[in-house]
Amino acid sequence: LANVRAQENNMTDFEIFNRWIKTIPLGRLAEPEETASAVAFLASESASYINGTDIPVDGARVSA
1 LANVRAQENN
11 MTDFEIFNRW
21 IKTIPLGRLA
31 EPEETASAVA
41 FLASESASYI
51 NGTDIPVDGA
61 RVSA
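For the sequence shown, position 53 matches number 53 in our numbering, and the numbering has no gaps at all.
Just so you know, the hints here were simulated from the structure itself, not pulled from any lab data.
As the structure is a computational prediction, the values presented were derived from the model and not from experiment.
Don't be surprised by glycine CBs; every beta carbon is placed ideally from N, CA and C.
Some clues are possibly wrong.
[What the hints assert, rightly or not] Using C-beta positions, here's what the derived DEER-type ranges look like: (1) N9 to Y49: 24 to 30 Å; (2) G27 to I55: 17 to 23 Å; (3) Y49 to Q7: 39 to 45 Å; (4) N51 to E15: 23 to 29 Å; (5) V62 to F41: 17 to 23 Å; (6) T12 to P56: 26 to 32 Å; (7) I55 to A2: 31 to 37 Å; (8) N18 to A43: 43 to 49 Å; (9) A2 to L26: 15 to 21 Å; (10) A60 to F17: 23 to 29 Å; (11) Y49 to R19: 26 to 32 Å; (12) E45 to A2: 17 to 23 Å; (13) R5 to V39: 20 to 26 Å; (14) R5 to V62: 27 to 33 Å.
All chains, please: the whole structure from these sequences, using the hints.
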């Protein structure tokens, strides 16, 4: 995705990533373990009654 955006905007992948990071209040991309924790929870019995909703795992980007 970064490569496509970079080509569309005549920028490097690095420039696109830096632009994205500036839009995330936590100031960084997620670590794989951070997104995996949310996926594991949603796949668990603890989340059996959760459906039809979005759970953003985005470093507070949506709520900012």
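- Supplied distance hint 31 to 37 Å, evaluated on CB atoms of I55 and A2: Given about 24 Å between the Cβ atoms, the range is violated.
- Query: Is it true that the C-beta distance of V62 to F41 lies inside 17 to 23 Å, as the hint says?
  - Reply: 18 Å, holds
- Hint check for E15 and N51 - Cβ pair distance inside 23 to 29 Å: Violated, at about 39 Å.
- Message: Taking the Cβ atom of G27 and the Cβ atom of I55, is their distance within the range 17 to 23 Å?
- Response: 21 Å, holds
- Range hint 17 to 23 Å: satisfied by the CB atoms of E45 and A2? 36 Å, violated
- Item | Assessment of proposed distance window 27 to 33 Å (beta carbons of R5, V62) | With a Cβ separation near 19 Å, R5 and V62 fall outside 27 to 33 Å, so the hint is violated.
- Range hint 43 to 49 Å: satisfied by the CB atoms of N18 and A43? With Cβ atoms ~33 Å apart, the hint is violated.
- Query: Does the Cβ distance between N9 and Y49 fall inside 24 to 30 Å?
  - Reply: At roughly 43 Å between Cβ atoms, Y49 and N9 fall outside 24 to 30 Å, so the hint is violated.
- Are Y49 and Q7 spaced within 39 to 45 Å by their CB atoms? 44 Å, holds
- Task: Using the beta carbons of Y49 and R19, state whether their distance is inside 26 to 32 Å or not.
- Result: 38 Å, violated
- Item | Whether the CB-CB distance between A60 and F17 falls inside 23 to 29 Å | Since the Cβ atoms of A60 and F17 sit about 18 Å apart, the hinted range of 23 to 29 Å is violated.
- Does the Cβ-Cβ separation between R5 and V39 fall within 20 to 26 Å? 25 Å, holds
The earlier numbered hints that this structure contradicts are 1, 4, 7, 8, 10, 11, 12 and 14.
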